[in-house]
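A.B. asks: One-letter residues, chain by chain:
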Amino acid sequence: MDMLYKVFIEPFVFMGEAPDLLIQTLWEGLVSGVLYALIALGFVLIFKASGVFNFAQGIMVVFAALILVGLYEKGVPAFLALILAALAMLVLAMVVERVVLRPLVNQPDIILFMATFGLTYFLIGFGELIFGGSPREMITDQLFLPQGTTEVDMLGGMVRFQHLDIAAALIASIMIGLLAVFFSKTRIGRALRAVADSHKAALSVGISLNQIWVIVWFAAGIVALVAGIMWGARSGVSFSLQIIALKALPVLILGGFTSIPGAIIGGLIVGVGEKLGEFYWGPLVGGGVETWLAYVIALLFLLYRPQGLFGEKIIERI
Amino acid sequence: MSFRKLSLGLAAVTMLAGTALPAFAQDSIYVPLFTYRTGPFAGSGTFIADGMHDYLEMLNQRDGGIGGVKLVLEECETGYDTKKGVECYEAVKGKNPVVVNPWSTGITLPLIPRASVDKIPILSMAYGLSASARGDIFPWVFNPPATYWDGLSMIIKYIGQKEGGLEKLKGKKIGFIHLDAAFGKEPVPLLQELAKDIGFEVALYPVAAQDMQNQSSQWLSARRDRPDYMIMWGWGSMNGAAVKEAVRSGYPMDKFYSVWWPSEDDARSGGGGAKGFKMLNWHAVGTNFPAIQDIQKHVVDKGMSKAQKDKVGELLYNRGVYNSLLIAEGIAQAQKITGKKAVTGEDVRRGMENIKLDAARLKELGLDGFTETLTLSCADHNGHRPAFMQEWDGAKWVKISDPIEPMTDRVKGQLDAAAKDYAEKNAGWPKRTEACDKAS
Numbered sequence: 001m002d003m004l005y006k007v008f009i010e011p012f013v014f015m016g017e018a019p020d021l022l023i024q025t026l027w028e029g030l031v032s033g034v035l036y037a038l039i040a041l042g043f044v045l046i047f048k049a050s051g052v053f054n055f056a057q058g059i060m061v062v063f064a065a066l067i068l069v070g071l072y073e074k075g076v077p078a079f080l081a082l083i084l085a086a087l088a089m090l091v092l093a094m095v096v097e098r099v100v101l102r103p104l105v106n107q108p109d110i111i112l113f114m115a116t117f118g119l120t121y122f123l124i125g126f127g128e129l130i131f132g133g134s135p136r137e138m139i140t141d142q143l144f145l146p147q148g149t150t151e152v153d154m155l156g157g158m159v160r161f162q163h164l165d166i167a168a169a170l171i172a173s174i175m176i177g178l179l180a181v182f183f184s185k186t187r188i189g190r191a192l193r194a195v196a197d198s199h200k201a202a203l204s205v206g207i208s209l210n211q212i213w214v215i216v217w218f219a220a221g222i223v224a225l226v227a228g229i230m231w232g233a234r235s236g237v238s239f240s241l242q243i244i245a246l247k248a249l250p251v252l253i254l255g256g257f258t259s260i261p262g263a264i265i266g267g268l269i270v271g272v273g274e275k276l277g278e279f280y281w282g283p284l285v286g287g288g289v290e291t292w293l294a295y296v297i298a299l300l301f302l303l304y305r306p307q308g309l310f311g312e313k314i315i316e317r318i
Numbered sequence: 319m320s321f322r323k324l325s326l327g328l329a330a331v332t333m334l335a336g337t338a339l340p341a342f343a344q345d346s347i348y349v350p351l352f353t354y355r356t357g358p359f360a361g362s363g364t365f366i367a368d369g370m371h372d373y374l375e376m377l378n379q380r381d382g383g384i385g386g387v388k389l390v391l392e393e394c395e396t397g398y399d400t401k402k403g404v405e406c407y408e409a410v411k412g413k414n415p416v417v418v419n420p421w422s423t424g425i426t427l428p429l430i431p432r433a434s435v436d437k438i439p440i441l442s443m444a445y446g447l448s449a450s451a452r453g454d455i456f457p458w459v460f461n462p463p464a465t466y467w468d469g470l471s472m473i474i475k476y477i478g479q480k481e482g483g484l485e486k487l488k489g490k491k492i493g494f495i496h497l498d499a500a501f502g503k504e505p506v507p508l509l510q511e512l513a514k515d516i517g518f519e520v521a522l523y524p525v526a527a528q529d530m531q532n533q534s535s536q537w538l539s540a541r542r543d544r545p546d547y548m549i550m551w552g553w554g555s556m557n558g559a560a561v562k563e564a565v566r567s568g569y570p571m572d573k574f575y576s577v578w579w580p581s582e583d584d585a586r587s588g589g590g591g592a593k594g595f596k597m598l599n600w601h602a603v604g605t606n607f608p609a610i611q612d613i614q615k616h617v618v619d620k621g622m623s624k625a626q627k628d629k630v631g632e633l634l635y636n637r638g639v640y641n642s643l644l645i646a647e648g649i650a651q652a653q654k655i656t657g658k659k660a661v662t663g664e665d666v667r668r669g670m671e672n673i674k675l676d677a678a679r680l681k682e683l684g685l686d687g688f689t690e691t692l693t694l695s696c697a698d699h700n701g702h703r704p705a706f707m708q709e710w711d712g713a714k715w716v717k718i719s720d721p722i723e724p725m726t727d728r729v730k731g732q733l734d735a736a737a738k739d740y741a742e743k744n745a746g747w748p749k750r751t752e753a754c755d756k757a758s
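If you read the protein sequences in the order shown, they are chains A and B.
To convert, note that position 298 of the first sequence is 298 in the working numbering; the numbers rise steadily by one, no gaps.
To convert, note that position 412 of the second sequence is 730 in the working numbering; the numbers rise steadily by one, no gaps.
Since the hints were derived computationally from the structure, they do not count as laboratory data.
We put the beta carbon where it would ideally sit given N, CA and C, even for glycine.
Misleading hints may appear alongside valid ones.
[Said to hold, decoys possible] Partial selection, computed: residues in chain B whose CB lies under 10 Å from chain A: (1) Tyr354; (2) Asp546; (3) Arg586; (4) His616; (5) Asp619; (6) Lys620; (7) Gly621; (8) Lys624; (9) Asp628.
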């Protein structure tokens, strides 16, 4: 009985007693969620265009951030380093298309998936060779990312809003909006959607698959760069950042592998869900709920809606 | 191919492989260094690896090795991964290593039962299994100069002194944020026992390896629980991220303590807000010691080090130097006891039991004032030496306390019970048969 009270009543009583902490938890969850969504978006872009689950998206986040910080440390001005990091992601997209994707065209999806595994470990080794394994600080001041905290007295308590978190949420939202417009309103975006629907049909109307793949890997690279800057500013740039990318998996299961709005909603559900779970229910099991809660939520979704919230329902004739 | 032919072929290959092993035993001393310059823990592991390598290489360059015998140094990259660490051990054990440094509590634990079988001493310097300090039960394991349990007792003692006595901790709440791995959990039983004895409350905040850089939940929980003090047992990128999150969440940094693992980079990551963050340490930082200046002269300046020049003398670099100081002393003592030059693992085990780093010896080694004195013995493989508290002033660590002795009265009983328990739970745990040298 006591346990039932602790699970079903006490957390809600506490939410009512300390609403400021509830707001703070929701805010932290939203910020994490937006950043998860940003990483998940990189996966979605590539999956939409080529049907490949890009396991290397996590290391692309680290790689992009390291190039930016590494160039700055070599004396390149911050914004030039930013442009050069973006160009490096373009080069990476071209190399991946030429060396990995093109030779493997028409191979089963699992082969392409395994190729991205190989790409991941290549980028880890290559990155460590060039930049070493030591963590670095993101150049937040040089990129004019705001620092500091605004403390707001509300609901009988105090809620802290980090300026960096506000900026992260805004930049990620703008990024997501721009990508949505790009893929729905532009010619390239329509071509991408055509490729996503059917490679053969797209080829038959003269769309270049190779070009689309470069564009989409480049777009995923830019998303990785932005995600790397934001996560790096929050907690430093190191190779352990790539592990955070694994949180994008439950986000994708929730939102669907092919839906940009799904990645956003999925990210927010996972971000807010894990923070609420850890904060209010974590103490019952000694903490550490955050590590697995997102996967449990994703598993429940899989049981009832395997294609995710916004994913396309696949109906195959037998 | 018949089974007979196949067997003969395999036997021939095995023999060839056996003869192809390097002959480290005859004219040199083989010292493998388990390191992690890659992966999520490289931020800590790289500097330690550099310090370890450079001190031993300096001995090679300056003195021609130890006792005139060259040291053969070989790094094995573990990535702080237990499986890879055990693979490294298996890979090096056939090359007659005189000592193995796992540099991970997770790797140390599976190596403990192997050490006595393979006759290779394990040096887990201030980490690993606290109970392995008992030389009578763990003759092949050494964890000087203090155990994690000693470290925890020192922090509690220091906090108690700040409050006006240990009894004043009654009714206080102490938060314990730790890596959710063997290393981070190691001091938890003692913490809970001390909480029961003294009367303070404990709140645990485990951080999974995959969430090391995403600790907002833990610090939000700390805000909910309002612990009077926070103690951290972190490693790798967890430390820097924790300092950042503590600053972000507005936790008073002068109430935030850590065991001896954060680096300058970790503290720096909190910016100006990290001022007041405290940690234990037992050796100096800086290069103002003849031995470290010799490293610069004979190794770093000659391009034989992987370390960045400005990192030489930083906290974790010097920690690596301390680790290699123990290796070198173990070897030197082994040569002295046995009269042999090219010593074996069995000899170095005896040598380590005879380590006596007094003030005169430290001065002779060019490390006068670098660290507390240390004497190991047949029964005591740890020393249980004091550490001091240092505080981050925004730019550097500043020593703020005299040496803090561990609370031996509270720790010893627990440690003895844990050692006995380990031997009982591991059926067939061998009774010590290794003789003690007179001096030890």
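A.B. asks: None of the hints should be skipped; say for each whether it holds.
C.D. replies: Hint-by-hint comparison with the structure:
Below 10 Å, beta-carbon pairs count as interface contacts, and B/Tyr354 has one with chain A at about 8 Å; its hint therefore holds. Nearest Cβ of chain A to the Cβ of B/Asp546: about 18 Å, over the 10 Å cut. The hint is violated. At about 7 Å, the closest approach between the beta carbon of B/Arg586 and any beta carbon in chain A falls short of 10 Å, and the interface hint on this residue holds. The beta carbon of B/His616 is not positioned within 10 Å of any beta carbon in chain A (closest approach about 23 Å), and the interface hint is therefore violated.
The beta carbon of B/Asp619 is not positioned within 10 Å of any beta carbon in chain A (closest approach about 20 Å), and the interface hint is therefore violated. Hint on B/Lys620 is violated. Least Cβ distance to chain A is approximately 20 Å, over the 10 Å limit. Annotation: B/Gly621 was flagged as interfacial toward chain A, and the flag is violated, the nearest CB pair being 16 Å apart, outside 10 Å. Hint on B/Lys624 holds. Least Cβ distance to chain A is approximately 9 Å, under the 10 Å limit.
Violation of the interface hint for B/Asp628 is found here, the shortest Cβ-Cβ separation to chain A being roughly 12 Å, above the 10 Å cut-off.
Hints 2, 4, 5, 6, 7 and 9 from the earlier list are contradicted by this structure; the remaining hints agree with it.
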